[in-house]
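Residue numbers (our numbering), protein chains in the order written: chain A, 1 to 496; chain B, 1001 to 1311.
If you are wondering where the hints come from, they were derived from the structure by calculation, not from laboratory data. All the given hints hold, so there is nothing to weed out.
List of simulated lysine-lysine pairs, PhoX-like, C-alpha gap at most 25 Å:
| id | chain 1 | residue 1 | chain 2 | residue 2 |
| --- | --- | --- | --- | --- |
| 1 | B | Lys1249 | A | Lys258 |
| 2 | A | Lys165 | B | Lys1206 |
| 3 | A | Lys165 | B | Lys1293 |
| 4 | B | Lys1093 | B | Lys1145 |
| 5 | B | Lys1132 | B | Lys1017 |
| 6 | B | Lys1294 | A | Lys165 |
| 7 | A | Lys165 | B | Lys1179 |
| 8 | A | Lys167 | B | Lys1293 |
| 9 | A | Lys432 | B | Lys1293 |
| 10 | A | Lys429 | B | Lys1277 |
| 11 | A | Lys165 | B | Lys1249 |
| 12 | B | Lys1277 | A | Lys432 |
Beta-carbon label-pair distances, calculated as ranges:
| id | chain 1 | residue 1 | chain 2 | residue 2 | range |
| --- | --- | --- | --- | --- | --- |
| 13 | B | Thr1216 | A | Gly302 | 37 to 47 Å |
| 14 | A | Lys442 | B | Glu1174 | 46 to 56 Å |
| 15 | A | Glu321 | B | Leu1220 | 25 to 35 Å |
Backbone N, C-alpha and C fix where the C-beta goes; we use that ideal spot for every residue, glycine too.
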Amino acid sequence: MTEQEIKKQKIKNTLYLCIMLAVSGAVGLLAHSLDFNRQQAMSCSIFIMIIMATLLFWQFRLAIAFVGIGVLMGTNVLTLPTFIRECKIDVILFLVGMMVTVGVLKELGLFTWIIQSVITIPHITGKTFVIIIAVLGAFMACAVDEVTSIVFIATLIFQVCDTLKIKPTPFVIIGVLATNIGSTGTMLGNPVGILIGQKANPPLSFVDFITWSFPIMLVTLTVSIILLMMIYRKDIKLMTERLNDRRQLGLGLGPLVKVPYKSGLAVLVGMITFIALHHHIEIKLGLAPNTVLIVAPLVIAGLLMLWRHERARHYIEADVEWWTLLFFMMLFAVAGTLEETHVSSKIAGYFQQAFGDKPALLTPVIIGVAAIGSAFVDNIVFVAAFMPIVNDLGHTPLLWALLQGACLGGNITMIGSTANIVALGMLEKRYKAHIYFFEWLKVGAVIGITSCIIAWGGIALLSPYMPTKQQREEMRQTLEKKTLELHPSLIGDSNN
Amino acid sequence: MAGNNKVHPVQFASLFKPAYVVCHTQKTDRDSVLRELLTQLAYQAGIGNVDEAFKEVQHRENEIPTIVGPGIAMPHARLDSIDKIIVGVATVKDGFVYAPERSNNTVKLIILTLAPKIAPGLYLQAISSVAKICQAPATADTVAKLDTPEKIWSFFQTNGATLPEFLRACDIMEPVTVKLQEHDTMERAIDLFIRHLVSEVPVIDKDGELIGVVSTHELLRVCLPDYVLWMDDLTPIINFEPFAQILRKESQTWLAEIMTSDYATVDENAPAVQVAKEISRQQTDIAYVMRGKKLIGIVSLATFLSKVLRE
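So that you can see chain B by itself, here it is in the shape it has in the complex (with noise of 0.2 Å):
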């Protein structure tokens, strides 16, 4: 019965069609590009209204602009609105400043992803579908070029980009910027702890191999052991006397005083929604996401839930 379940592939091209696409517009800003894009979706693919379709983009849009590759935006917006998720593409000739409190982000090839409300997960699979064009630096610019909708359609279609059969873990995660190298100290992490604002942080050896995770947690458990916990009246320890005691050592305390082995790892090729589960089971706040056994990104609870429930 196994072959009843197989899904076959989904061609990104094949979410959208010649007609939803915006050839070399005239506008020259993002929210007029947006609307006569989101206008043109309405008449030919039946979006709903267009004013509540346009807020939606915009507020996300306003939040974070979604500049996925060299001159490639890639907007989206869930709505109640539709059953199926509708792509449409514009493009802009030569251009034009996407988002002008940010340098450097000449747009001309924008990808607007409506995905339906209950569908998590979908915008997602989408970008990830076309992550490997938008990847090519003269991407933007080629598409560009094109002067018709239907070779732009084709240009989608000709290279291939299908969607994933599920979101894996690799497509949600973020890269590791802050990590711990095995030689490193204490005072290394607790540093960290405090610049970076992280509970834990990865430790790696030289080869890139995750050995293990420091965490404030672990750190609090060092200077609080549970024989210190079993009393009640902690009024004798008035000068943090168990925390001075990690001072006057840190910088000749190694790792492994704090580092555990006690982490949520998943492979990259795993379902993304393993990562909710081995953050679950361990019950903390983020998943090492790894290739064989090296650390490739991480995924964070806030991040998981934001890309889920909201992208």
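If we strip away everything but chain A, and leave its shape as in the complex, we get (with noise of 0.2 Å):
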């Protein structure tokens, strides 16, 4: 870095700092004006300084986490133990299982066996193969996560390109958006997906995503792909020609090995149904709701590192993100002040004044604000945030309101969602590439507000069938009762 350079760095930090502190010293004000005591005043204005900083010094963002959580503390907005009830361990039990078993999965040639049974599709078009990475990518992520899923395609896209000696960029781009559509249609498809699953009271199961989610996210992947393979014509065009080409002269697009993929085939589907299942199991088991699906993985993760116990501390060290995960520990925690503090409470009276109490119309607005917000922000910071006032408001459309929209709301700017990170960085590494903010914007936005219309439209279709908050709370009492009736010995457990 030349002299100049580091001045420049150095005048940009410091306007960025003061961006910062003017941003988070307005929010304080601006609560003090609302009537918010001094304790709530002091969270949002700290709250705003941590998500600021988040945005503005992304590299540093754990340890302004950490920073964060140290101020709050000293500050008296968090006490201890509510900062370790809320630092949402359980979620990140559910993705440090679900990480390690990714890693065995990759190590026993699943995804290897993936890639190579899509290369090899005779016949296979330009448009064939668009296709192909929107539904692979969207249902990865349904099984896996997103980020696991876009790391795949976007490895299997980098294959084909590299052959056909086609620009990447196009087909990255597909790939990520429909990734990130894939991602709202389980609980598995997005660390977002766990923790509105988690927090929402009474909480939501695996299958209640599959019967009110996965149905709008099928219509949004659909209907996105045929937009997609309008903006990238010319590509899909090209890339048709030159696999007609290759497949003219014989030669394929990659290398073929023998993939021993049946175990961890067995592995994945044993592994979906369990958390499909977890609702039942727990019944059965009599268990607290979602503890199956949170300890699934980690059993699962468990038997795996027994059986490949020679590798077992690679998968904890080197599978496992620390780095994210502890970012979303601290991040929880200090989303928790909110509640605990009673913001969110507030922010969502201010909510029903402005709005009214009428889903119809929350519907869209939630959704508005969540995709604005993830676009910007880091949506799993969104959704810690805004989680206590959609549970405050009481209205299940709002919880799939908010989880459509932080998703795809991702999809609108490059810094969106995770998985677009991820992919920008494996394309700059590989063929020194960049895209412009405004090259993604043209296209994200267009396919952001696209798919967050169509869940508005799918979550207005199907409210009238969702249950209410009452009726959920009474399925759950319900289900506990049968529960005591089936296993009579935890009634004492029960009444303590």
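Got two chains here, separate frames each, mind docking them using the hints?
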């Protein structure tokens, strides 16, 4: 770095620091003027400061989150017991289990087999390839998570584009957008799904996601694929031409190896089955809601580590994204202070004052706010802050609105979701190619806005059939009663 | 302030004096001529211990005789005992066999360069400065005929050779001996890798422009792409299946399959140190020296280090 560049960087950092302090100070003053007490104003101000810091100093987000926790504790806004409770260790452990399992699946050859299955499809054309990467990206996000999914989809795209000598950027954008859409399909698609499922009051199950969110995802994905094929028609046409040329020479898209995929496939199917049936298993075993959901990936990871004990330490050290998980923990705790100091219920009150108590009006508002917020701030940050407000508003459709808005809004900008950042990093590393903010925005905005409108329509259509918060609570109590009937020995525990 | 940094050109003739010239020596073998010349330099220029200097020069000449042009040898050494470059010149009227193990190497003019040990590149600069004079076929004969040290010194002064301000990439490059044409197949590339034991080969189009590089690493990446490397255990691949697929199609597959546009290039006039920078930045072993889009030479990392740290 030259002296001039260092000087520029220093000026930029100072400017960012001033912006961060000014915005957080302004939020504190605004909160104070809105009749928030000292603790509430402080928690708002510090929360915004951490959000701004992660936005402006992304590389230092974990360091800033650590310092932020210290500031909150030092000012008595966050207490140690609240910190420990709000860290959401259950969500973190679930993600650890998933990451270990994905690491093992990768080494077992499952993802190699999937990629090979795609590159050996006979008579593949550009259009077929786009449909495959979009659908595969979306469904893999549903089965594992969006970040894992995009790593494999991007590798597949690189392999095909390298072989055909065509620009990978359009296909990477298609893959990322489809993966983000797919991440709304199940609880496993995105950490946001787990957070909403776990934090919803009463909690949501995997089956709830499949019932209410998956169908919307399918419609959104179909429309988005059609739109993307129109936007990138020239690149798709070029791919078809190159594929034809190659086929005439009798050449494939990459070397093939025999992959012993069956054990990996069995592990994946077993894990998804366990997770899908968690609700029923919990009733049968008389367990608290979502216990099996959280524990299943951990137990499977444990068994896999016993099986491949020589690699066990590697899975924990290399496959688990500790940096991200620690950041999530700090962030959940910081967001927890908003709930603890009743800031969220106050904001929920303002929402009700502004938009009434009708889900029909609140749904597009929540989708819109979540989408715009997630386009610029990491969506988990946004959901962590918004979840208590949605809980306080107490309408089931709003939970789905928050999920759809947070995940689909991530498509609008190139920094909107972790999958976007991971894919762009891979593209930059491999091709030294950059995608510019507006290059992404002009496609991302079309897909993001269209999919949010579809999601709004889908939720509006399904909401008459969705159980209300009260009905969900009653169902939970009925299930608890059934559980106690099945397991009378738990009565004592229940009374305690 | 830029004017302060301007380096004035150094005349090659300023590196020696008539007193450093041994004219028409009677010695007729390499070592005797070198020893005579070094002794002369010890008296006239103060180069320190003659035996040590001789051992240094002899050691290098035994490794690779430095015959740089017809009838001209340019031996050299780097010494601790001197702090500036010193040149000595010797002429042998009828010439002598400089390196008996090599044919056709009668030498009449010896230009001995002694450089301070901690000044890498000075010798190369000296070579570069007299390169044009040395390339003329008659130079050795012309100088060998001159009968006094003064006349020899004036020859170099009159011909006006100057040391370049800095060593350029083209001063340390080597000719391109192994290359591929754009219409070649992967089969030919693999043959070249194996026959010449090289790790990469440049690909040239019909106008001599560099259009890409094929490398063994790229070939390996084609055979074992990322998705194969994800697997922990490759025991199911017992017969090199991915390589077998390449072999099956190698004569039909164009170089495009393993050609990369990710390689280090440097302009011929760029400072030689830029070669190191490009090699480092691209994490490769070879930099391609370009004149516009045309490939005119290559510098390997090994050559670069040898020239800068040893020559």
